[in-house]
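Start from the sequences and build out the full structure, keeping to the hints where you can.
Protein chains in written order, with this note's numbering: chain A, 51 to 407; chain B, 51 to 407; chain C, 51 to 407.
Keep in mind that a hint or two might mislead.
Identical copies look the same in the list; a pair holds intra-copy or inter-copy alike.
As the list claims (entries may be wrong) - Subject to a maximum C-alpha distance of 30 Å in a straight line, what follows is the list of computed DSSO-like cross-link-like pairs (lysine-lysine):
{"hint": "1", "residue 1": "K121", "residue 2": "K69"}
{"hint": "2", "residue 1": "K248", "residue 2": "K152"}
{"hint": "3", "residue 1": "K54", "residue 2": "K251"}
{"hint": "4", "residue 1": "K251", "residue 2": "K152"}
{"hint": "5", "residue 1": "K69", "residue 2": "K248"}
{"hint": "6", "residue 1": "K69", "residue 2": "K54"}
Simulated from the structure, these hints should not be mistaken for laboratory data.
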Amino acid sequence: MNDKLAFRVDELADRLGGKLIGDGTIELSGLASLADAGPEDLSFYSGTAFTGTTYVEALARTRAGALLIAKHHPELDVPQIIVSDPQLGANELMSQFFPPTKPEQGIHPLAYVSDSAQIGDDVSIMPFAYVGSHAHIGARTIIHPGVKIEPNVRLGNDCRIWPNAVIREGALIGANVIIHPGAVIGADGFGYARREGKFIKLRHVGIVVIEDDVEIGANTTIDRGTLGRTLIRRGVKLDNLVHIAHNVEIGEDTVMAAQCGISGSSIIGKRVLMGGQTGLVDHLQIGDEAVFIAQSGVIGNVPGRTTVSGYPARPHREVLRAHAEMRNLSQLRGKIRELETKLARLLDEKDPTVRRQ
Amino acid sequence: MNDKLAFRVDELADRLGGKLIGDGTIELSGLASLADAGPEDLSFYSGTAFTGTTYVEALARTRAGALLIAKHHPELDVPQIIVSDPQLGANELMSQFFPPTKPEQGIHPLAYVSDSAQIGDDVSIMPFAYVGSHAHIGARTIIHPGVKIEPNVRLGNDCRIWPNAVIREGALIGANVIIHPGAVIGADGFGYARREGKFIKLRHVGIVVIEDDVEIGANTTIDRGTLGRTLIRRGVKLDNLVHIAHNVEIGEDTVMAAQCGISGSSIIGKRVLMGGQTGLVDHLQIGDEAVFIAQSGVIGNVPGRTTVSGYPARPHREVLRAHAEMRNLSQLRGKIRELETKLARLLDEKDPTVRRQ
Amino acid sequence: MNDKLAFRVDELADRLGGKLIGDGTIELSGLASLADAGPEDLSFYSGTAFTGTTYVEALARTRAGALLIAKHHPELDVPQIIVSDPQLGANELMSQFFPPTKPEQGIHPLAYVSDSAQIGDDVSIMPFAYVGSHAHIGARTIIHPGVKIEPNVRLGNDCRIWPNAVIREGALIGANVIIHPGAVIGADGFGYARREGKFIKLRHVGIVVIEDDVEIGANTTIDRGTLGRTLIRRGVKLDNLVHIAHNVEIGEDTVMAAQCGISGSSIIGKRVLMGGQTGLVDHLQIGDEAVFIAQSGVIGNVPGRTTVSGYPARPHREVLRAHAEMRNLSQLRGKIRELETKLARLLDEKDPTVRRQ
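Dropping the structure here:
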């Protein structure tokens, strides 16, 4: 809608406190990946020993007009801004090239806000959002269209709740929390008493507590506690379509990729990394900094700083060894056949009158 | 918002018809788990032979002011109410400690209800809910904010449809059904005719039928029949993020944990238990009371009263045996090496002029 | 609501250009599966060499009043309409028996449409739908209740966006695209820079591009690019609860069943078939017409026209062989025991004074 913004390379280097090698007067109007960048774009290359060949090749071929880069590459004849962390540098410059937009402040006339709700300063509440009785919305928090906030929810400052997310009654949510579209916070847990083959629903009167700096992916579901609380600690990041059952607790800075599922009352440590589609049964204890390879199926506790994979999840090294063994099974079978033949021959020679069957 | 309610222990015992041992005059204002309870709280302990050590320890350490318990524990010096089923007892008392709240009755002026819709007595239809033409809403049913009910849906009495759930046209839903936030009932099935590498969409003109006493989890999806119906029978409980494809039929009192996926036209029996992330291919027949361990990948029929696990799912005992075999593979390999050595030695001795290669 | 429509068999045969064998004057008022059809219904049978026994039996037992069928079955004494593709024939006749309904055209007064949005001819925008600033809605596109379209989205002609779907800012969507309820297009990708154990959110300023003739399932999530775009090419069909991460590219006419998850920057070829609950790690390359058996866990590139399964996904034939080997492991163990016994006996006989331990 607007004319594109443009920035001189030397301005951008100054902005990041980076060392510029090359022509600083070139003007750039975009920020793009190595593969997509054209002469009018800045791009970036983090370039470590672990960088895949794809990136090395992309660097050689890029048409970018200038680069954020960790060390000078003299073979590339474009201006280079040397910074210690090109990825974070690029992230910082995004606000130049793509100025963040925020919706208008205030309560839109097509929103519903209960008279008993408390609304902080500079809040945006957009059309078809619903804020129930006694809810509390912190300052500068943005409630996108169609979000439903049920009674007695408490949302901290500077949160952003994207369209059609649902936060059910009583949830306590800290500051700087992002909840993506369609996420459901605080639905009833999946808890029944089984009596004579039928299931009697247990009421779920617990809540969900989400601490500061948490991000919850699109269509992810976090159930309320049966009693007590489901607790998502500071800095946790959950991807899309993740399921967190009642009374689970997730430690600080733990990260779960898409479609993970955590069953009731499991306690996950800090800085745990969980690959996509991992599943945990209920009542487990997971130590700090455990790592789960994608699609792990976890049926027992996992100590800290352990990498597991497979179903049932075991230490990843064991799993790799087992897979290698599997691949060698037919070789094993061959050896046994060979042994059988030799032994049979030996027995025949020893007593030629007794025929083996 | 209100002052906390408080109840005397003897009142609570009377309410449940339980036997009180200890001081009945103590007043309690909360109901909490053994671990979370304080002196002002009631807690409960079901205590069976199968109770894990966590619960036994939690009982020993609880700070609860009184207990619902199956048999008297004289070593604990708090009042104890003896009932046959402490979990159900606690569930029954929840309505004392946490009186259920219901939204105001009536159609909110910010809801949309078609003129041709039929609305039962004492219904609540909240802001931004949509009720399409010729829909029928049973008595006392609660439609939370943002729910979308498309034309010709029939919803029974005493249902509760939580925020932003979607029920597409023609679905027939019984009484006492709970649909959690974001669930989608009656989207088109995933059916195409493949012709020359392209996919031609098949129209889905079937419906979804949900019988009484069913509970559908948050963001779960149940597709309509291509022709005919997808059928969820009485008492079925589905957790969050479950996928039920077109023309599936699920038998009475069957339970599926989060993220299960059932492909088209599969027929599931009664009282089946399915662990999380289990997947079934299409057109399967599953017998009554079959049990699926979490993450099972099912590619064939499963007879009744069978427990299966793994991919491809097999009887769980076989799977456990196979895993044990796997763990012993290197031992097997060792034995073969030993046999080879012995045999080689034997052959060498027998004919020392012929060197084995 | 209406009286049922009825059609003569000969009219239906004419409509499809099929050959009628039997009484053309019979009137039919429905279209149903072989199992469900009654005397007033048309049914159909595709009948190929690969048709399962269920269908053959259903044909023998059907009570349908007439049949669409690929070749005449003289043993069935109902009118038969011979067509080359009975399934497609039935699909074509659906519009007779079940005339498609469309909502009223126009912008409903309970919808919100930004003044700067551009709305094509004959569009329907239903209650509680939100169309943000500078969005563009193509001609004849239908926006169901509760859909949220954020600023700068471009939607082509003849799209249908079902209730409560969310399309975030800047997405570019072609013509004839169907998005089912609760789907989320364009949420932020799951991308962080990890620095000293904490995760710094990377801004996601890319977009989602969806070409013509794509169908997106209920509650499916497609994340926007970090930079650049996530690209869903012409004719792709995604089932429910699928997750597509940032910067993924999916080739033409590729099909993914429910609950698949594709991690960031993976490139999927054309006409790929992916069974349900399949997961791919990031940065993979998948060739055209690769096939993934349900629940595959894919950690490496897969060449075109290859069928893989299991975790870690390998060529399906190898996996089947490995499973057969597994089942034979105890037999292998038995053979080794036998060899040990024979060898021990041999050694004993050879030197009876030396006892083996």
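Right, here's what the structure says about each hint:
1. K121 <-> K69: within (10 Å within a copy, 75 Å between copies)
2. K248 <-> K152: Intra 50 Å, inter 26 Å, cutoff 30 Å: inter-copy only.
3. K54 <-> K251: between (57 Å within a copy, 25 Å between copies)
4. K251 <-> K152: between (42 Å within a copy, 18 Å between copies)
5. K69 <-> K248: between (70 Å within a copy, 27 Å between copies)
6. K69 <-> K54: Classified as within: same-chain Cα gap 26 Å, cross-chain 63 Å, threshold 30 Å.
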